[in-house]
Structure formats: C-alpha cells, structure tokens
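Using the sequences and the accompanying hints, generate a full structural model.
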Amino acid sequence: GAGVSQTPSNKVTEKGKYVELRCDPISGHTALYWYRQSLGQGPEFLIYFQGTGAADDSGLPNDRFFAVRPEGSVSTLKIQRTERGDSAVYLCASSLNGFPNEKLFFGSGTQLSVL
Amino acid sequence: AQTVTQSQPEMSVQEAETVTLSCTYDTSESNYYLFWYKQPPSRQMILVIRQEAYKQQNATENRFSVNFQKAAKSFSLKISDSQLGDTAMYFCAFMKHRGDDKIIFGKGTRLHILP
Chain S
13 GAGVSQTPSN KVTEKGKYVE LRCDPISGHT ALYWYRQSLG QGPEFLIYFQ
63 GTGAADDSGL PNDRFFAVRP EGSVSTLKIQ RTERGDSAVY LCASSLNGFP
113 NEKLFFGSGT QLSVL
Chain Y
-9 AQTVTQSQPE MSVQEAETVT LSCTYDTSES NYYLFWYKQP PSRQMILVIR
41 QEAYKQQNAT ENRFSVNFQK AAKSFSLKIS DSQLGDTAMY FCAFMKHRGD
91 DKIIFGKGTR LHILP
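So the sequence lines, in the order shown, correspond to chains S and Y.
Counting from 13, one number per residue, gives the positions in the first sequence under our numbering.
Counting from -9, one number per residue, gives the positions in the second sequence under our numbering.
Keep in mind that a hint or two might mislead.
[To be verified] Below, in silico cross-link-like pairs of lysine-lysine (BS3-like), each with a Cα-Cα straight-line distance of 30 Å or less:
id, chain 1, residue 1, chain 2, residue 2
1, Y, 68, S, 115
2, S, 90, S, 23
3, Y, 63, Y, 92
4, Y, 68, S, 90
5, S, 90, Y, 92
6, Y, 97, S, 115
7, Y, 92, S, 29
8, Y, 92, S, 23
9, Y, 86, Y, 97
10, Y, 68, Y, 97
11, S, 115, Y, 92
12, S, 90, Y, 60
Bear in mind the hints are in silico, worked out from the structure with no lab data behind them.
Set out below in structure tokens:
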C-alpha cells in the first residue's frame, strides 16, 4: 500500500474484554514496530518484528499483551483482559530492512479506550 | 538507559517567525541517531530531521535545522519562516547506532503557529 494502515482507527471496549489491533505495513517492508502513546507522553516501544519473528519484545508491559506477524506482512497486536490503564494510542511503523539509518514510516494509530 | 527531555510543554509563535524547540538527552553511547518527529492531529508521526552523532555538521531540511551540541547532549530544532501547517506536537527522539532497535521519545512540545 501507499502507507502504513492501522485498523480500527478508534476502538472502545469494556474492562476485561479482549481486543485486536491490526497493522498493514508498507508493501515489502520487513521491519515492523509497535509503539504505545499514552495521553501527554511520547510513544513508547512495545515490540519489533523482523519478518515473521519478534526480534525484540522487551517493551511489552505484561503477558496480557501479545503480537503476531504470521506471514511477515500484516501484524496484529492482541490485548487480553483489558484494563483502563491500557487506554492509549497504539502506533505501528515499518521500515524497509530495519537498519537504524532507514526512515521509519508510521501509521495514524488506533485510539484504544477502555471503559 | 537513555533518556530524552523536552523542557517546553507548549510554545506559540507568530506565522513567519523563527522558533527553537529544545531537547536534551542522556546516554553513555558514543554513536547514535537523534530525530525530530512531527505529530499533527492526524496522529501520524512524520520524520522532520535526523542527525547522526558522528557527523559534526548540523542537519538541515529546508526550513528546519538543528543545533547539535554533542558534549552538552543538546539537540534543538529551529523552524524558520514558520507556517500555519507547522502547528503540531514535536517529539525529540534518540536511537542507538547499533545493538538496539527502539527509538526513545521525549514527552513532546506542542507548537502553535498563530496567524
């Protein structure tokens, strides 16, 4: 696609529910990143995929959070037993090879609201 | 651990004026990348400018330039001839040159360009 696409744009859920957030990276980009941006803060790293594998998941806050990228393109961030503190904008980004000198392209994020 | 500090939560400037956004960072790394990202209301993070720490020359991109002071660990962004479209959140960010794949963001500065 022309850019990084994230769906849904907004998601409202109730405490305790399960949610899935989807990211479609730019076609051909092997590196994919998830960040979480809480209100009034900068984005915080969650997980980095190189191809199908999670190369670095050190930013996932706890075992309620899980992400997959089974075919090396689309990625899904999964949150179990959502809590009000999970409310944030979840940003996805991709780059061609994951090299530090490459430009990172961000999507417009999913605003998750947990009531 | 690396930290990025933006001491100006909010700034306003008249259209066509010049504005400087401040950023300091802390790291024990000798080589790294520094970035300024713009986040308009659409939430999409857009790379404004990038500086590689081993390059002494300050990066410039059209109306945007940086003042990189490595010894002082300072990385300010100057926007010349500011335009209404420059209104956005601006985030200063840090990334190691190697051995890590996450970008560390500051808390951001909200910039208002006034007509």
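Of the numbered hints stated previously, which ones are contradicted by the structure, given in increasing order?
Numbers 4, 12, in rising order.
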